[in-house]
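If you're matching positions, the sequence shown starts at 1 in the UniProt record's numbering and goes up one per residue.
Derived by calculation from the structure, the hints in this document are not laboratory data. Mixed in with the good hints there might be a few duds.
Computed spacing ranges between beta-carbons, pair by pair [claimed, not checked]:
(1) 56 x 124: 43 to 53 Å
(2) 139 x 86: 17 to 27 Å
(3) 403 x 542: 25 to 35 Å
(4) 557 x 403: 39 to 49 Å
(5) 391 x 363: 13 to 23 Å
(6) 220 x 535: 53 to 63 Å
(7) 542 x 391: 41 to 51 Å
(8) 391 x 295: 18 to 28 Å
(9) 542 x 86: 48 to 58 Å
Derived pair list, reagent style EDC-like, types lysine to aspartate or glutamate, alpha-carbon separation capped at 20 Å [as the list claims (entries may be wrong)]:
(10) 371 x 403
(11) 568 x 547
(12) 282 x 336
(13) 521 x 534
(14) 521 x 535
(15) 568 x 541
(16) 301 x 267
(17) 521 x 495
(18) 115 x 74
(19) 371 x 407
(20) 266 x 312
(21) 282 x 263
(22) 568 x 535
(23) 301 x 263
(24) 282 x 310
(25) 266 x 298
(26) 371 x 412
(27) 371 x 415
(28) 266 x 355
(29) 201 x 183
(30) 201 x 278
(31) 371 x 427
(32) 301 x 193
(33) 115 x 89
(34) 521 x 473
(35) 266 x 212
(36) 568 x 534
(37) 568 x 548
(38) 282 x 343
(39) 282 x 312
(40) 568 x 550
By construction, the Cβ of each residue, glycine as well, lies at the ideal position given by its N, Cα and C atoms.
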Amino acid sequence: MSADSPEPDVLRADSMQAPYYGLPPLDAASITNAPVDSEQRASLLERRHGYELAICSTNALLNAGVPINRLPLELLVAIMTWAQVGYAEMGAPLEWLSLLLVCRYWFFVASSTPKLWYYLWAGPGLNFLRTGLARSKRTKIFVAVGHPGVVASALACIAPHAHRIQHLWLYNVPQADATLLLEFIRQPLPALESFHATVSKTLLDPSDALIELTPENHPRLNIVAVNGVILRPSPVFRQLQTLSFSGCLGIAPEEPTIGNLLDILKDCVNAVTVHVADVFCKDAYHPPQALPSGARIELPKLALCYLNTETDIFRHILSTFIFPAAAHVAMVLAIDDNTVNDELALGLRAIMPEDRSGLLALQTATHVEIKANHYQRSLFASTPSLASQNILSLLPGISMTVDAISEALDVEGLEDVQDICRAMPLETITITLESHIARRVNWRTFLAPFRGLRALTLIGIGRHSDGAASLLDALASEHPSSDGTPDEGGVLCPELRSLRIEGFNAQSCNIPATVLGCVMKRMMALGSRSRGLEELGLRLDRFESEEEFERQRQWFVPCARRLVRRVKFEYSLKEPVL
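Given the sequences, and given the hints that come with them, work out the whole structure.
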(Lines of atoms letter the chains of each structure in order from A and count residues from 1; the text may use other names and numbers.)
(Lines give C-alpha, C1' and ligand atoms only; values in the text may rest on other atoms or scores of the structure.)
Protein backbone atom coordinates (compact mmCIF):
# COMPACT_ATOMS: atom_id res chain seq x y z
CA MET A 1 0.00 0.00 0.00
CA SER A 2 1.40 3.45 -0.83
CA ALA A 3 2.23 5.81 1.97
CA ASP A 4 -0.01 8.65 0.75
CA SER A 5 -3.23 6.58 0.42
CA PRO A 6 -5.23 4.65 3.07
CA GLU A 7 -6.63 2.17 0.53
CA PRO A 8 -5.07 -1.31 0.60
CA ASP A 9 -3.20 -2.40 -2.49
CA VAL A 10 -5.62 -5.19 -3.21
CA LEU A 11 -8.29 -2.65 -4.13
CA ARG A 12 -6.19 -1.04 -6.82
CA ALA A 13 -6.53 -2.11 -10.44
CA ASP A 14 -2.95 -2.30 -11.70
CA SER A 15 -3.34 -5.82 -13.09
CA MET A 16 -6.88 -5.39 -14.38
CA GLN A 17 -7.85 -4.65 -17.92
CA ALA A 18 -10.25 -1.91 -18.84
CA PRO A 19 -12.93 -1.20 -17.80
CA TYR A 20 -11.63 -0.86 -14.26
CA TYR A 21 -13.84 -1.74 -11.32
CA GLY A 22 -11.60 -0.54 -8.48
CA LEU A 23 -9.78 2.66 -7.65
CA PRO A 24 -7.54 4.35 -10.20
CA PRO A 25 -4.46 2.09 -10.74
CA LEU A 26 -1.04 2.85 -9.31
CA ASP A 27 2.08 1.61 -11.05
CA ALA A 28 3.72 0.60 -7.78
CA ALA A 29 0.84 -1.58 -6.54
CA SER A 30 0.29 -5.24 -7.20
CA ILE A 31 -2.85 -7.38 -7.02
CA THR A 32 -0.88 -10.11 -5.28
CA ASN A 33 -0.36 -8.11 -2.08
CA ALA A 34 -1.78 -9.15 1.32
CA PRO A 35 -5.63 -9.29 1.64
CA VAL A 36 -7.70 -6.71 3.56
CA ASP A 37 -7.85 -7.34 7.28
CA SER A 38 -10.99 -6.89 9.41
CA GLU A 39 -10.11 -3.41 10.70
CA GLN A 40 -9.43 -2.06 7.23
CA ARG A 41 -12.65 -3.60 5.93
CA ALA A 42 -14.71 -2.01 8.72
CA SER A 43 -13.12 1.36 8.00
CA LEU A 44 -13.90 1.08 4.30
CA LEU A 45 -17.51 0.06 4.95
CA GLU A 46 -17.95 3.07 7.21
CA ARG A 47 -16.58 5.41 4.56
CA ARG A 48 -18.83 3.83 1.93
CA HIS A 49 -21.89 4.34 4.15
CA GLY A 50 -20.98 8.00 4.48
CA TYR A 51 -20.77 8.38 0.70
CA GLU A 52 -24.16 6.66 0.31
CA LEU A 53 -25.79 9.04 2.77
CA ALA A 54 -24.32 12.01 0.94
CA ILE A 55 -25.69 10.73 -2.37
CA CYS A 56 -29.15 10.17 -0.83
CA SER A 57 -29.16 13.70 0.55
CA THR A 58 -28.22 15.08 -2.85
CA ASN A 59 -31.00 13.09 -4.54
CA ALA A 60 -33.51 14.35 -1.96
CA LEU A 61 -32.55 17.94 -2.73
CA LEU A 62 -32.91 17.30 -6.43
CA ASN A 63 -36.31 15.62 -6.02
CA ALA A 64 -37.57 18.42 -3.80
CA GLY A 65 -37.36 20.71 -6.75
CA VAL A 66 -39.77 18.62 -8.85
CA PRO A 67 -43.10 20.52 -9.16
CA ILE A 68 -46.11 18.70 -7.72
CA ASN A 69 -47.91 19.19 -11.00
CA ARG A 70 -45.46 16.74 -12.60
CA LEU A 71 -46.09 13.79 -10.31
CA PRO A 72 -46.75 10.53 -12.18
CA LEU A 73 -50.44 9.80 -12.69
CA GLU A 74 -50.37 6.50 -10.77
CA LEU A 75 -48.60 8.09 -7.80
CA LEU A 76 -51.04 11.00 -7.63
CA VAL A 77 -54.07 8.69 -7.79
CA ALA A 78 -52.56 6.59 -4.98
CA ILE A 79 -52.08 9.74 -2.87
CA MET A 80 -55.69 10.78 -3.39
CA THR A 81 -56.98 7.28 -2.61
CA TRP A 82 -54.95 7.26 0.59
CA ALA A 83 -56.38 10.66 1.53
CA GLN A 84 -59.93 9.40 0.91
CA VAL A 85 -59.41 6.47 3.28
CA GLY A 86 -57.92 8.70 5.96
CA TYR A 87 -60.72 11.26 5.81
CA ALA A 88 -63.36 8.50 5.81
CA GLU A 89 -61.89 7.02 9.00
CA MET A 90 -62.18 10.47 10.62
CA GLY A 91 -65.84 10.72 9.63
CA ALA A 92 -65.29 13.36 6.94
CA PRO A 93 -65.32 11.41 3.66
CA LEU A 94 -65.70 14.51 1.45
CA GLU A 95 -62.71 16.45 2.79
CA TRP A 96 -60.52 14.93 0.11
CA LEU A 97 -62.15 17.28 -2.40
CA SER A 98 -59.82 20.05 -1.20
CA LEU A 99 -57.08 18.26 -3.16
CA LEU A 100 -58.79 19.37 -6.36
CA LEU A 101 -57.85 22.97 -5.52
CA VAL A 102 -54.08 22.35 -5.45
CA CYS A 103 -53.52 22.94 -9.16
CA ARG A 104 -55.05 22.32 -12.57
CA TYR A 105 -53.15 19.06 -13.00
CA TRP A 106 -54.50 17.66 -9.74
CA PHE A 107 -58.01 18.76 -10.68
CA PHE A 108 -57.71 17.06 -14.06
CA VAL A 109 -56.44 13.78 -12.57
CA ALA A 110 -59.10 13.69 -9.84
CA SER A 111 -62.00 14.59 -12.11
CA SER A 112 -61.03 12.09 -14.81
CA THR A 113 -60.30 9.06 -12.59
CA PRO A 114 -63.59 7.17 -12.09
CA LYS A 115 -62.53 5.12 -9.06
CA LEU A 116 -61.98 8.30 -7.03
CA TRP A 117 -65.72 8.98 -7.28
CA TYR A 118 -66.79 5.83 -5.49
CA TYR A 119 -68.39 7.41 -2.40
CA LEU A 120 -71.29 9.69 -3.35
CA TRP A 121 -73.04 11.74 -0.68
CA ALA A 122 -76.39 13.49 -1.00
CA GLY A 123 -76.84 16.18 1.62
CA PRO A 124 -79.10 19.22 1.46
CA GLY A 125 -78.21 19.50 -2.23
CA LEU A 126 -77.62 17.02 -5.04
CA ASN A 127 -74.78 18.75 -6.92
CA PHE A 128 -72.10 16.43 -5.59
CA LEU A 129 -74.25 13.35 -6.24
CA ARG A 130 -74.89 14.38 -9.85
CA THR A 131 -71.22 15.21 -10.42
CA GLY A 132 -70.09 11.92 -8.91
CA LEU A 133 -72.53 9.88 -10.99
CA ALA A 134 -71.09 11.44 -14.14
CA ARG A 135 -67.41 11.15 -13.20
CA SER A 136 -67.62 7.61 -11.79
CA LYS A 137 -68.71 6.44 -15.24
CA ARG A 138 -69.14 2.65 -15.23
CA THR A 139 -67.52 1.81 -11.89
CA LYS A 140 -69.42 0.60 -8.83
CA ILE A 141 -70.58 3.28 -6.41
CA PHE A 142 -71.45 3.79 -2.75
CA VAL A 143 -74.50 6.05 -2.39
CA ALA A 144 -75.36 7.64 0.97
CA VAL A 145 -78.36 9.95 1.42
CA GLY A 146 -78.30 11.79 4.72
CA HIS A 147 -80.92 14.52 4.39
CA PRO A 148 -84.64 13.64 4.52
CA GLY A 149 -85.57 16.46 2.17
CA VAL A 150 -83.69 15.03 -0.82
CA VAL A 151 -84.53 11.32 -0.57
CA ALA A 152 -87.08 11.37 -3.40
CA SER A 153 -84.81 13.43 -5.68
CA ALA A 154 -81.78 11.30 -4.87
CA LEU A 155 -83.60 8.07 -5.69
CA ALA A 156 -84.64 9.56 -9.02
CA CYS A 157 -81.03 10.54 -9.78
CA ILE A 158 -79.54 7.14 -9.04
CA ALA A 159 -82.30 5.10 -10.71
CA PRO A 160 -80.49 5.00 -14.12
CA HIS A 161 -77.35 3.81 -12.31
CA ALA A 162 -79.06 1.11 -10.22
CA HIS A 163 -77.05 -1.64 -11.92
CA ARG A 164 -73.76 -0.36 -10.42
CA ILE A 165 -74.82 0.57 -6.87
CA GLN A 166 -72.71 -1.52 -4.51
CA HIS A 167 -73.81 0.07 -1.22
CA LEU A 168 -77.01 2.03 -0.57
CA TRP A 169 -77.41 3.85 2.74
CA LEU A 170 -80.52 5.94 3.40
CA TYR A 171 -80.18 7.49 6.85
CA ASN A 172 -83.52 9.25 7.30
CA VAL A 173 -86.35 8.41 4.92
CA PRO A 174 -89.57 10.37 5.57
CA GLN A 175 -92.72 8.31 5.88
CA ALA A 176 -94.08 10.01 2.76
CA ASP A 177 -91.14 8.71 0.69
CA ALA A 178 -91.33 5.13 1.97
CA THR A 179 -93.36 4.12 -1.10
CA LEU A 180 -90.64 5.46 -3.41
CA LEU A 181 -88.05 3.47 -1.50
CA LEU A 182 -90.18 0.33 -1.84
CA GLU A 183 -90.47 0.81 -5.60
CA PHE A 184 -86.74 1.48 -5.96
CA ILE A 185 -85.62 -1.56 -3.99
CA ARG A 186 -87.94 -3.85 -5.96
CA GLN A 187 -86.00 -3.31 -9.20
CA PRO A 188 -82.97 -5.46 -10.06
CA LEU A 189 -79.85 -4.31 -8.20
CA PRO A 190 -77.24 -6.84 -9.38
CA ALA A 191 -74.24 -5.15 -7.69
CA LEU A 192 -75.89 -4.30 -4.35
CA GLU A 193 -73.99 -5.79 -1.40
CA SER A 194 -75.23 -3.75 1.57
CA PHE A 195 -78.53 -1.97 2.18
CA HIS A 196 -79.13 0.37 5.13
CA ALA A 197 -82.41 2.25 5.55
CA THR A 198 -84.10 4.12 8.38
CA VAL A 199 -87.72 5.13 7.87
CA SER A 200 -88.83 7.81 10.30
CA LYS A 201 -92.29 7.73 11.86
CA THR A 202 -94.67 10.52 12.78
CA LEU A 203 -97.41 10.65 15.37
CA LEU A 204 -99.98 11.00 12.59
CA ASP A 205 -98.76 7.94 10.69
CA PRO A 206 -96.64 5.60 12.84
CA SER A 207 -97.10 2.61 10.54
CA ASP A 208 -94.12 0.62 9.31
CA ALA A 209 -92.86 0.51 5.73
CA LEU A 210 -92.90 -2.87 4.00
CA ILE A 211 -89.83 -3.83 1.96
CA GLU A 212 -89.38 -7.01 -0.03
CA LEU A 213 -85.97 -8.39 -0.96
CA THR A 214 -85.44 -11.30 -3.35
CA PRO A 215 -82.35 -13.26 -4.46
CA GLU A 216 -83.32 -12.69 -8.10
CA ASN A 217 -83.13 -8.90 -7.78
CA HIS A 218 -80.35 -8.81 -5.16
CA PRO A 219 -77.98 -11.71 -5.92
CA ARG A 220 -74.96 -10.17 -4.13
CA LEU A 221 -76.73 -8.76 -1.09
CA ASN A 222 -75.04 -9.81 2.17
CA ILE A 223 -75.72 -6.95 4.61
CA VAL A 224 -79.18 -5.62 5.53
CA ALA A 225 -79.73 -3.07 8.29
CA VAL A 226 -83.19 -1.50 8.50
CA ASN A 227 -85.06 0.54 11.09
CA GLY A 228 -88.79 1.23 10.99
CA VAL A 229 -89.19 -1.28 8.20
CA ILE A 230 -91.03 -4.59 7.94
CA LEU A 231 -89.16 -7.30 6.07
CA ARG A 232 -90.99 -10.18 4.46
CA PRO A 233 -89.58 -13.70 4.72
CA SER A 234 -87.51 -14.48 1.64
CA PRO A 235 -84.76 -16.87 0.52
CA VAL A 236 -82.50 -13.82 0.23
CA PHE A 237 -81.79 -14.05 3.96
CA ARG A 238 -79.88 -17.29 3.37
CA GLN A 239 -77.11 -15.32 1.67
CA LEU A 240 -76.82 -12.61 4.34
CA GLN A 241 -73.83 -12.29 6.64
CA THR A 242 -75.32 -9.41 8.65
CA LEU A 243 -78.96 -8.71 9.52
CA SER A 244 -80.04 -5.76 11.66
CA PHE A 245 -83.79 -5.41 12.18
CA SER A 246 -85.05 -2.72 14.58
CA GLY A 247 -87.69 -0.11 15.29
CA CYS A 248 -90.63 -2.17 14.02
CA LEU A 249 -93.62 -1.20 16.15
CA GLY A 250 -96.12 -3.59 14.64
CA ILE A 251 -98.90 -1.00 14.23
CA ALA A 252 -99.61 -1.24 10.51
CA PRO A 253 -101.97 -3.86 9.08
CA GLU A 254 -98.86 -5.58 7.70
CA GLU A 255 -97.49 -5.88 11.22
CA PRO A 256 -94.88 -8.62 11.64
CA THR A 257 -96.16 -11.75 13.27
CA ILE A 258 -93.95 -13.88 15.46
CA GLY A 259 -94.13 -16.50 12.72
CA ASN A 260 -92.77 -14.07 10.12
CA LEU A 261 -89.97 -12.97 12.43
CA LEU A 262 -88.94 -16.54 13.16
CA ASP A 263 -89.12 -17.45 9.45
CA ILE A 264 -86.70 -14.62 8.67
CA LEU A 265 -84.27 -15.72 11.37
CA LYS A 266 -84.54 -19.37 10.31
CA ASP A 267 -83.14 -18.42 6.89
CA CYS A 268 -80.10 -16.68 8.44
CA VAL A 269 -78.08 -19.90 8.43
CA ASN A 270 -75.02 -18.10 7.01
CA ALA A 271 -75.31 -14.99 9.17
CA VAL A 272 -72.33 -13.90 11.25
CA THR A 273 -74.12 -10.99 12.95
CA VAL A 274 -77.82 -10.77 13.88
CA HIS A 275 -79.29 -7.69 15.56
CA VAL A 276 -82.96 -7.55 16.62
CA ALA A 277 -84.08 -4.54 18.66
CA ASP A 278 -87.42 -2.88 19.41
CA VAL A 279 -89.37 -5.36 17.31
CA PHE A 280 -92.86 -6.07 18.60
CA CYS A 281 -95.36 -8.68 17.47
CA LYS A 282 -98.92 -8.59 18.73
CA ASP A 283 -99.29 -12.37 18.62
CA ALA A 284 -96.09 -13.07 20.58
CA TYR A 285 -98.01 -13.54 23.82
CA HIS A 286 -98.77 -17.12 22.79
CA PRO A 287 -96.35 -19.47 24.57
CA PRO A 288 -93.55 -20.75 22.32
CA GLN A 289 -93.98 -24.12 20.75
CA ALA A 290 -92.01 -26.83 22.50
CA LEU A 291 -89.53 -28.21 19.97
CA PRO A 292 -87.53 -31.40 20.39
CA SER A 293 -83.78 -30.91 20.41
CA GLY A 294 -83.46 -32.24 16.86
CA ALA A 295 -86.03 -29.78 15.51
CA ARG A 296 -84.22 -26.63 16.62
CA ILE A 297 -82.62 -24.46 13.92
CA GLU A 298 -78.85 -24.21 14.20
CA LEU A 299 -77.02 -21.00 13.29
CA PRO A 300 -73.53 -22.47 12.80
CA LYS A 301 -71.70 -19.33 11.61
CA LEU A 302 -73.16 -16.92 14.16
CA ALA A 303 -70.51 -14.86 15.98
CA LEU A 304 -72.61 -12.01 17.41
CA CYS A 305 -76.30 -11.90 18.29
CA TYR A 306 -77.89 -8.86 19.94
CA LEU A 307 -81.50 -9.06 21.14
CA ASN A 308 -83.33 -6.12 22.72
CA THR A 309 -87.06 -6.71 22.68
CA GLU A 310 -89.92 -7.90 24.88
CA THR A 311 -90.15 -10.99 27.06
CA ASP A 312 -92.41 -13.06 24.81
CA ILE A 313 -90.24 -12.57 21.73
CA PHE A 314 -87.14 -13.48 23.73
CA ARG A 315 -88.70 -16.77 24.71
CA HIS A 316 -89.85 -17.58 21.17
CA ILE A 317 -86.39 -16.92 19.70
CA LEU A 318 -84.48 -18.76 22.42
CA SER A 319 -86.85 -21.73 22.14
CA THR A 320 -86.39 -22.06 18.37
CA PHE A 321 -82.67 -21.73 17.65
CA ILE A 322 -79.35 -23.23 18.68
CA PHE A 323 -76.75 -20.57 19.44
CA PRO A 324 -73.14 -21.79 19.09
CA ALA A 325 -71.01 -21.90 22.21
CA ALA A 326 -68.40 -19.74 20.44
CA ALA A 327 -70.92 -16.95 19.71
CA HIS A 328 -71.36 -13.79 21.75
CA VAL A 329 -75.06 -13.50 22.57
CA ALA A 330 -76.20 -10.23 24.19
CA MET A 331 -79.75 -9.81 25.51
CA VAL A 332 -81.31 -6.66 26.99
CA LEU A 333 -84.79 -6.39 28.54
CA ALA A 334 -86.32 -3.11 29.73
CA ILE A 335 -89.14 -3.48 32.27
CA ASP A 336 -91.44 -0.43 32.13
CA ASP A 337 -94.84 0.55 33.54
CA ASN A 338 -96.61 -1.77 31.10
CA THR A 339 -94.76 -4.84 32.34
CA VAL A 340 -96.52 -7.21 34.67
CA ASN A 341 -95.20 -7.38 38.22
CA ASP A 342 -94.28 -11.04 37.82
CA GLU A 343 -91.32 -10.04 35.67
CA LEU A 344 -89.97 -7.81 38.45
CA ALA A 345 -89.72 -10.91 40.63
CA LEU A 346 -88.21 -13.03 37.86
CA GLY A 347 -85.26 -10.74 37.18
CA LEU A 348 -82.97 -12.30 34.58
CA ARG A 349 -85.25 -15.33 34.38
CA ALA A 350 -87.80 -13.14 32.54
CA ILE A 351 -85.64 -13.56 29.43
CA MET A 352 -85.19 -17.31 29.67
CA PRO A 353 -87.59 -19.91 28.25
CA GLU A 354 -88.29 -23.15 30.05
CA ASP A 355 -86.14 -25.11 27.60
CA ARG A 356 -82.70 -23.49 27.43
CA SER A 357 -80.90 -26.24 25.56
CA GLY A 358 -80.37 -23.97 22.55
CA LEU A 359 -77.99 -21.73 24.54
CA LEU A 360 -74.89 -23.89 24.44
CA ALA A 361 -72.88 -21.34 26.43
CA LEU A 362 -74.97 -22.21 29.49
CA GLN A 363 -73.22 -25.58 29.41
CA THR A 364 -69.67 -24.44 28.59
CA ALA A 365 -69.12 -21.08 30.36
CA THR A 366 -66.24 -21.09 32.85
CA HIS A 367 -66.20 -17.41 33.85
CA VAL A 368 -69.13 -15.31 35.03
CA GLU A 369 -69.48 -11.66 36.04
CA ILE A 370 -72.62 -10.69 37.98
CA LYS A 371 -73.86 -7.20 38.83
CA ALA A 372 -76.97 -6.50 40.88
CA ASN A 373 -78.53 -3.39 42.34
CA HIS A 374 -82.00 -2.09 43.11
CA TYR A 375 -83.04 -1.49 39.49
CA GLN A 376 -80.71 -3.58 37.33
CA ARG A 377 -79.37 -7.10 36.99
CA SER A 378 -76.67 -8.13 34.55
CA LEU A 379 -74.76 -11.32 33.91
CA PHE A 380 -71.95 -12.15 31.52
CA ALA A 381 -70.97 -15.81 31.29
CA SER A 382 -67.99 -16.42 29.02
CA THR A 383 -65.87 -19.24 27.67
CA PRO A 384 -62.37 -17.81 26.98
CA SER A 385 -61.09 -21.15 25.71
CA LEU A 386 -63.36 -20.82 22.64
CA ALA A 387 -62.24 -17.29 21.73
CA SER A 388 -60.21 -18.51 18.74
CA GLN A 389 -63.39 -19.94 17.19
CA ASN A 390 -65.21 -16.58 17.08
CA ILE A 391 -64.95 -15.04 13.61
CA LEU A 392 -65.24 -11.48 14.97
CA SER A 393 -62.66 -12.10 17.73
CA LEU A 394 -65.32 -11.51 20.39
CA LEU A 395 -65.29 -13.22 23.76
CA PRO A 396 -67.73 -16.15 23.47
CA GLY A 397 -70.52 -16.18 25.99
CA ILE A 398 -73.91 -14.84 27.03
CA SER A 399 -74.59 -11.32 28.25
CA MET A 400 -77.95 -10.59 29.89
CA THR A 401 -79.23 -7.29 31.29
CA VAL A 402 -82.58 -6.46 32.86
CA ASP A 403 -83.40 -2.80 33.57
CA ALA A 404 -86.38 -1.85 35.73
CA ILE A 405 -87.13 1.67 34.55
CA SER A 406 -89.79 2.77 37.02
CA GLU A 407 -89.97 0.10 39.74
CA ALA A 408 -87.37 -1.79 41.72
CA LEU A 409 -86.68 -5.42 40.98
CA ASP A 410 -88.16 -7.78 43.54
CA VAL A 411 -85.78 -10.73 43.27
CA GLU A 412 -84.81 -12.62 46.40
CA GLY A 413 -81.02 -12.49 46.64
CA LEU A 414 -79.42 -14.00 43.54
CA GLU A 415 -82.04 -16.65 42.83
CA ASP A 416 -82.35 -15.68 39.17
CA VAL A 417 -78.58 -15.86 38.62
CA GLN A 418 -78.38 -19.18 40.43
CA ASP A 419 -81.15 -20.62 38.26
CA ILE A 420 -79.36 -19.59 35.04
CA CYS A 421 -75.82 -20.59 36.05
CA ARG A 422 -76.50 -23.84 37.85
CA ALA A 423 -75.31 -26.08 34.98
CA MET A 424 -72.18 -24.07 34.09
CA PRO A 425 -68.74 -25.58 34.87
CA LEU A 426 -67.65 -22.30 36.44
CA GLU A 427 -64.05 -21.67 37.44
CA THR A 428 -64.24 -17.92 38.12
CA ILE A 429 -67.07 -15.86 39.64
CA THR A 430 -67.01 -12.08 40.10
CA ILE A 431 -70.02 -10.56 41.89
CA THR A 432 -70.69 -6.83 42.31
CA LEU A 433 -73.80 -6.04 44.33
CA GLU A 434 -75.37 -3.79 46.92
CA SER A 435 -74.90 -4.90 50.51
CA HIS A 436 -78.62 -5.33 51.17
CA ILE A 437 -78.72 -7.90 48.36
CA ALA A 438 -75.63 -9.67 49.68
CA ARG A 439 -77.28 -10.15 53.05
CA ARG A 440 -80.28 -11.85 51.39
CA VAL A 441 -78.23 -14.38 49.43
CA ASN A 442 -78.13 -17.97 50.61
CA TRP A 443 -74.47 -18.42 49.72
CA ARG A 444 -74.37 -22.12 50.52
CA THR A 445 -77.22 -22.78 48.09
CA PHE A 446 -75.77 -20.40 45.51
CA LEU A 447 -72.24 -21.85 45.49
CA ALA A 448 -73.09 -25.52 46.03
CA PRO A 449 -73.27 -26.44 42.28
CA PHE A 450 -69.81 -25.02 41.54
CA ARG A 451 -67.46 -27.58 43.06
CA GLY A 452 -64.79 -26.78 40.47
CA LEU A 453 -64.72 -23.05 41.29
CA ARG A 454 -61.16 -21.74 41.61
CA ALA A 455 -61.54 -17.95 41.96
CA LEU A 456 -64.24 -15.94 43.75
CA THR A 457 -64.47 -12.14 44.00
CA LEU A 458 -67.19 -10.31 45.94
CA ILE A 459 -67.42 -6.52 45.51
CA GLY A 460 -69.80 -4.50 47.67
CA ILE A 461 -71.27 -1.14 46.72
CA GLY A 462 -73.29 1.40 48.66
CA ARG A 463 -72.82 3.34 51.86
CA HIS A 464 -73.35 0.39 54.18
CA SER A 465 -71.32 -2.34 52.53
CA ASP A 466 -71.49 -4.91 55.29
CA GLY A 467 -72.78 -8.04 53.56
CA ALA A 468 -69.54 -10.02 53.26
CA ALA A 469 -69.90 -11.82 56.60
CA SER A 470 -72.62 -14.16 55.32
CA LEU A 471 -70.39 -15.30 52.44
CA LEU A 472 -67.44 -15.94 54.76
CA ASP A 473 -69.65 -17.90 57.13
CA ALA A 474 -70.79 -20.13 54.26
CA LEU A 475 -67.23 -20.71 53.05
CA ALA A 476 -66.06 -21.60 56.57
CA SER A 477 -67.64 -25.02 56.61
CA GLU A 478 -68.10 -26.71 59.99
CA HIS A 479 -69.58 -30.02 58.85
CA PRO A 480 -67.10 -32.85 59.57
CA SER A 481 -67.93 -36.43 58.80
CA SER A 482 -69.50 -38.75 61.38
CA ASP A 483 -66.13 -40.24 62.37
CA GLY A 484 -64.54 -36.83 62.89
CA THR A 485 -62.22 -36.95 59.86
CA PRO A 486 -62.01 -34.02 57.40
CA ASP A 487 -65.00 -34.04 55.10
CA GLU A 488 -64.34 -32.49 51.71
CA GLY A 489 -67.97 -32.99 50.77
CA GLY A 490 -69.07 -30.52 53.43
CA VAL A 491 -66.82 -27.74 52.13
CA LEU A 492 -68.18 -25.27 49.62
CA CYS A 493 -66.07 -25.06 46.47
CA PRO A 494 -63.25 -27.40 47.59
CA GLU A 495 -61.09 -26.36 44.59
CA LEU A 496 -61.21 -22.65 45.53
CA ARG A 497 -57.72 -21.13 45.31
CA SER A 498 -58.35 -17.38 45.11
CA LEU A 499 -60.66 -15.25 47.26
CA ARG A 500 -61.06 -11.47 47.03
CA ILE A 501 -63.33 -9.25 49.12
CA GLU A 502 -63.61 -5.62 47.97
CA GLY A 503 -65.56 -2.50 48.83
CA PHE A 504 -66.99 -3.66 52.16
CA ASN A 505 -66.87 -1.87 55.51
CA ALA A 506 -63.72 -2.95 57.33
CA GLN A 507 -65.35 -2.34 60.72
CA SER A 508 -68.40 -4.47 59.98
CA CYS A 509 -68.09 -7.90 61.58
CA ASN A 510 -64.31 -7.33 61.77
CA ILE A 511 -63.79 -8.64 58.24
CA PRO A 512 -59.99 -9.20 58.46
CA ALA A 513 -60.35 -11.48 61.48
CA THR A 514 -63.40 -13.19 59.97
CA VAL A 515 -61.46 -13.89 56.77
CA LEU A 516 -58.58 -15.48 58.68
CA GLY A 517 -61.00 -17.66 60.61
CA CYS A 518 -62.64 -18.73 57.36
CA VAL A 519 -59.28 -19.69 55.82
CA MET A 520 -58.24 -21.70 58.87
CA LYS A 521 -61.53 -23.60 59.05
CA ARG A 522 -61.36 -24.47 55.34
CA MET A 523 -57.81 -25.73 55.75
CA MET A 524 -58.83 -27.93 58.66
CA ALA A 525 -61.84 -29.28 56.78
CA LEU A 526 -59.77 -30.06 53.69
CA GLY A 527 -57.01 -31.61 55.77
CA SER A 528 -54.08 -29.98 53.96
CA ARG A 529 -52.68 -26.54 53.35
CA SER A 530 -51.99 -27.49 49.74
CA ARG A 531 -55.73 -27.90 49.23
CA GLY A 532 -56.52 -24.48 50.69
CA LEU A 533 -56.36 -20.94 49.31
CA GLU A 534 -53.31 -19.76 47.39
CA GLU A 535 -54.32 -16.11 46.97
CA LEU A 536 -56.19 -13.84 49.37
CA GLY A 537 -57.04 -10.20 48.69
CA LEU A 538 -58.87 -7.60 50.79
CA ARG A 539 -59.68 -4.12 49.52
CA LEU A 540 -61.83 -2.52 52.22
CA ASP A 541 -63.08 0.93 53.14
CA ARG A 542 -64.50 2.77 56.16
CA PHE A 543 -61.28 2.65 58.16
CA GLU A 544 -61.26 5.18 60.98
CA SER A 545 -58.01 6.66 59.71
CA GLU A 546 -54.95 5.93 57.61
CA GLU A 547 -53.14 4.97 60.80
CA GLU A 548 -55.86 2.44 61.63
CA PHE A 549 -55.54 0.92 58.15
CA GLU A 550 -51.77 0.65 58.49
CA ARG A 551 -52.07 -0.92 61.93
CA GLN A 552 -54.49 -3.58 60.66
CA ARG A 553 -52.36 -4.22 57.58
CA GLN A 554 -49.25 -4.84 59.66
CA TRP A 555 -51.22 -7.29 61.78
CA PHE A 556 -53.17 -9.02 59.02
CA VAL A 557 -50.53 -9.64 56.33
CA PRO A 558 -48.05 -11.66 58.46
CA CYS A 559 -50.86 -13.76 59.92
CA ALA A 560 -52.39 -14.43 56.51
CA ARG A 561 -49.05 -15.41 54.95
CA ARG A 562 -48.81 -18.32 57.34
CA LEU A 563 -51.93 -19.71 55.69
CA VAL A 564 -51.87 -18.33 52.13
CA ARG A 565 -49.00 -17.84 49.69
CA ARG A 566 -50.05 -14.50 48.17
CA VAL A 567 -51.75 -11.82 50.28
CA LYS A 568 -52.96 -8.31 49.46
CA PHE A 569 -54.47 -5.86 51.92
CA GLU A 570 -55.52 -2.51 50.40
CA TYR A 571 -57.52 0.58 51.27
CA SER A 572 -60.44 1.16 48.89
CA LEU A 573 -60.61 4.92 48.42
CA LYS A 574 -63.23 4.79 45.68
CA GLU A 575 -66.46 2.86 45.53
CA PRO A 576 -66.93 0.70 42.43
CA VAL A 577 -69.41 1.89 39.83
CA LEU A 578 -72.12 -0.61 38.96
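Return the numbers of the hints above that this structure violates; sort them in rising order. none
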